[in-house]
Amino acid sequence: MWFKRSQPGIKPQIKKSVSDGIWIKCDQCNEIVYCKQLEEYAWICTQCNFHFRIDSHKYIQLFLDENSFQEMDAHLKSIDLLKFKDKKSYSDRLKEAKRKTGLTDAIRTGRATISGIPVVFCVMDFSFIGGSMGSVVGEKIARAVDVAGNQKLPLIIVSASGGARMMESILSLMQMAKTASRLAWFSENGGLFISILTNPTMAGVMASYAMLGDIHLAEPGALIGFAGPRVIKQTIGEELPEGFQRAKFQLDHGFVDAVVSRIDMREILIKILTFF
Amino acid sequence: MNVLEFESHLHEMEENIEKFRIMSEKDNIDLNKQILDLEKRLKTEKEAVYSKLTPWQTVQIARHAQRPVLEDYINLIFTDFIELHGDRRFSDDRALIGGFATLGDQKLMLIGHNRGNNVTENIERNFGMALPDGYRKALRLMELAERFGLPIVTFIDTPGAYPGIHAEERGQAEAIARNLCEMAKLKVPIVCIVTGEGGSGGALGIGVGNVILMLKHSIYSVISPEGCASILWRDGAFAEQAAESMKITAQSLKKLGVVDEIVSEPLGGAHTNPVATAKSVRSAILKHLRKLNAMKADGLIENRFEKYAHLGVFTS
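Heads up: the sequence lines are chains A and B, in that order. Going by our numbering, the first sequence opens with residue 1, and the numbers climb by one from there. Going by our numbering, the second sequence opens with residue 277, and the numbers climb by one from there.
The set of hints was computed from the structure by calculation and includes no laboratory data. Only a predicted model underlies this, so the values are computations on that prediction, with no experimental measurement involved. Beta carbons: idealized from backbone N, C-alpha and C, even for Gly. Treat the hints loosely; a few may be bogus.
Below, computed lysine-lysine pairings styled on BS3-like, alpha-carbon distance capped at 27 Å [to be verified]:
| hint | chain 1 | residue 1 | chain 2 | residue 2 |
| --- | --- | --- | --- | --- |
| 1 | B | Lys461 | A | Lys152 |
| 2 | A | Lys85 | A | Lys98 |
| 3 | B | Lys531 | A | Lys77 |
| 4 | B | Lys492 | B | Lys316 |
| 5 | A | Lys83 | B | Lys555 |
| 6 | B | Lys328 | A | Lys87 |
Derived contacts from chain A toward chain B, CB cut-off under 7 Å, selection only [what the hints assert, rightly or not]:
| hint | residue |
| --- | --- |
| 7 | Gln47 |
| 8 | Met72 |
| 9 | Ser78 |
| 10 | Leu82 |
| 11 | Val136 |
| 12 | Gly138 |
| 13 | Ala164 |
| 14 | Ile170 |
| 15 | Ser172 |
| 16 | Met211 |
| 17 | Leu212 |
| 18 | Ala227 |
| 19 | Phe255 |
| 20 | Val260 |
Taking CB as the label site, the calculated pair distances span [what the hints assert, rightly or not]:
| hint | chain 1 | residue 1 | chain 2 | residue 2 | range |
| --- | --- | --- | --- | --- | --- |
| 21 | B | Ser559 | A | Lys271 | 55 to 63 Å |
| 22 | A | Ile79 | B | Asp511 | 21 to 29 Å |
| 23 | A | Gly243 | B | Glu397 | 30 to 38 Å |
| 24 | A | His57 | B | Ala585 | 46 to 54 Å |
| 25 | B | Glu400 | A | Glu66 | 54 to 62 Å |
| 26 | A | Gly21 | B | Thr396 | 22 to 30 Å |
From just these sequences and the hints, can you work out the full model?
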C-alpha cells in the first residue's frame, strides 16, 4: 500500500512550464525570477537554489552533447489491458498525458554522448502520469540496459517518479523485478550504472533501479524515499523531521554518493566517465 | 471466529444446525434428517457464495484474523525449523523471519512474513510489515542457502513494507531493490507462495522466484485497495472499487501470468481448516521443488530472468 503517485510537497503536476512566461515565481522562496536567467542557470533559482522541475527534453539539453541523443524504442506504448477505471479510465489518462506532454510514456531512452563519451541515457518525465512506472517504462529500461550491456557502454538513468503506475496494477509491480534482474546481469558483466535521483524519486522506482546504481547522484532538495511522507505521518502519527527524505537526508544516511547541483551535473558525469 | 459480513447468513445457518444438534441431544429427539438437510443447504449456499466471491470479499478473507499465518504452517507441515536471527547489520526484525526447515524429506531455507496469531503477537511482529533489517536478514539467509545448495521457499503475507522514519533512515527502498537484484542471481531454486496479503514492494522483496504460488483466496497487488482509492479516487472509502479495478485475486493474477499456480483452499477459506490448507501448500511446494531441483544453476537463473522479462504489456 505504500506506492504513492503524488505526495504533499510534490506538486502533482507542473503547473506552468518554466520557459512559458517571462517571469516566474520560485516555489520555495517566492522570489520573482526572470525566465531567461533561469534557463541559463539550469532552471535553478538564483536566490535560494531551488531546483525547478524540468522535463526530459531539458535534461537532454543540459547533460548531453548537442544533438547526440538518438532515441530508442520511442514506439513502445502503454495499453490498458486491465480496462482500469478510477474517476477516469486509464485509456483516457494515457491520451491526456500524451496530448499534454507530447511523449509516448514516462521515460525516454537512447544512445548519446557526453563530452564525446558514448553512453546509454534514460530520463524519466514526471509530467507523464507522475513519472509512474508501468510496463513501457520497465521494458524501455530493460532494453536500454541490454544495449548498454551488449555494447559495453555506461548507463545513466535520471529518475523522476512517484512510483509504480497503479493503473497497470500488478504488472507495474513486476517491472521492479524485471528492471532489477536486468541490472543484476548488467552489473555482473562489468557495466557501470550511474543513477541520478531528482525530485521526486519514490516507492517502486526507488525500490528497484534507482537504488541499484554503482553511483547515486541526487539533485539538491529532491524528495527521495520509499514510503510517501503522508503515509508515514499517518502511520506513526507524528510530524516528520525537517528535511526528511530529502537529498541531504539520503546523503547523511549513506544512500547517495553526492548531492550535485543540476548546473554541475554534466561536469561531474564527465569526471566519473573519464575516470574509467 | 470472526464472521465476515457477506458470510453472516452462512453463520446463522451454522448456528441453527448447532441449535438443532443441542436440542436433539438434550431432549433426545431424532433431528438427524433436519440436520442433514440443513447441512446440505449450508454447503450449497456456501459453494454459491464462494464460487462468485467479489475481489473485495476476497480481500476480507485474505485478511481474516484467523487465517493461518507462517507460524501455523511451520507447526503443521515443517518437521523442524531452526530459526536464524538478525541481519548482522542492525537488528533482528520480527516481522520477517527465516531459518533452516524440512518439508517432507526436503531440506530448505524457509523465509516469510510473520504476522502473528493474536493482537499481542501482531503488535510484536508489526503486523508482518518488515523493516529494511528484515529484508537484509532475508538476503543473508538466501545467500547462506545458496552456499549450501538449499532451495529457498518464501511465504508472503504482508500489508507492505513498514512505512516509518527508521525504515527510511535505514534504506527501505535500497533493501528491497537489493533483494530483487540478488534474488534474480541466486543459483538455487526459489518457490514463493502468497498465503494472505501480498502487499506491493514489501511482498516482492522476498517474492522473486522460479515459481510463484498463491492460495486461492489470497491477494497480491501493487498497492492496497485503500491506498489506491485514496490516491486515485482521493477517498479511501472507494477501496472496494479499487479492489475490482486492480485485479488482485489469484485467478486474475494467474491469467496475467504473474502467478504460476493457484493452491486450493477448503470451502469457506483457509481459516476454516488450517490443516487441510497446509496440506495443499505442502504438496504444491514439494511438487515444484522436485521439478526445480532437476535444473542446473544456469537454467534456474535463466528461467527466473525470462519469467520477469516477459511480464508487462505494451504495443510496439
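Here's how the hints hold up against the structure:
{"no.": "1", "hint": "B:Lys461 to A:Lys152", "result": "20 Å, holds"}
{"no.": "2", "hint": "A:Lys85 to A:Lys98", "result": "18 Å, holds"}
{"no.": "3", "hint": "B:Lys531 to A:Lys77", "result": "21 Å, holds"}
{"no.": "4", "hint": "B:Lys492 to B:Lys316", "result": "23 Å, holds"}
{"no.": "5", "hint": "A:Lys83 to B:Lys555", "result": "37 Å, violated"}
{"no.": "6", "hint": "B:Lys328 to A:Lys87", "result": "26 Å, holds"}
{"no.": "7", "hint": "Gln47", "result": "30 Å, violated"}
{"no.": "8", "hint": "Met72", "result": "12 Å, violated"}
{"no.": "9", "hint": "Ser78", "result": "6 Å, holds"}
{"no.": "10", "hint": "Leu82", "result": "5 Å, holds"}
{"no.": "11", "hint": "Val136", "result": "5 Å, holds"}
{"no.": "12", "hint": "Gly138", "result": "5 Å, holds"}
{"no.": "13", "hint": "Ala164", "result": "5 Å, holds"}
{"no.": "14", "hint": "Ile170", "result": "5 Å, holds"}
{"no.": "15", "hint": "Ser172", "result": "5 Å, holds"}
{"no.": "16", "hint": "Met211", "result": "4 Å, holds"}
{"no.": "17", "hint": "Leu212", "result": "5 Å, holds"}
{"no.": "18", "hint": "Ala227", "result": "3 Å, holds"}
{"no.": "19", "hint": "Phe255", "result": "5 Å, holds"}
{"no.": "20", "hint": "Val260", "result": "19 Å, violated"}
{"no.": "21", "hint": "B:Ser559 to A:Lys271: 55 to 63 Å", "result": "58 Å, holds"}
{"no.": "22", "hint": "A:Ile79 to B:Asp511: 21 to 29 Å", "result": "28 Å, holds"}
{"no.": "23", "hint": "A:Gly243 to B:Glu397: 30 to 38 Å", "result": "36 Å, holds"}
{"no.": "24", "hint": "A:His57 to B:Ala585: 46 to 54 Å", "result": "30 Å, violated"}
{"no.": "25", "hint": "B:Glu400 to A:Glu66: 54 to 62 Å", "result": "60 Å, holds"}
{"no.": "26", "hint": "A:Gly21 to B:Thr396: 22 to 30 Å", "result": "60 Å, violated"}
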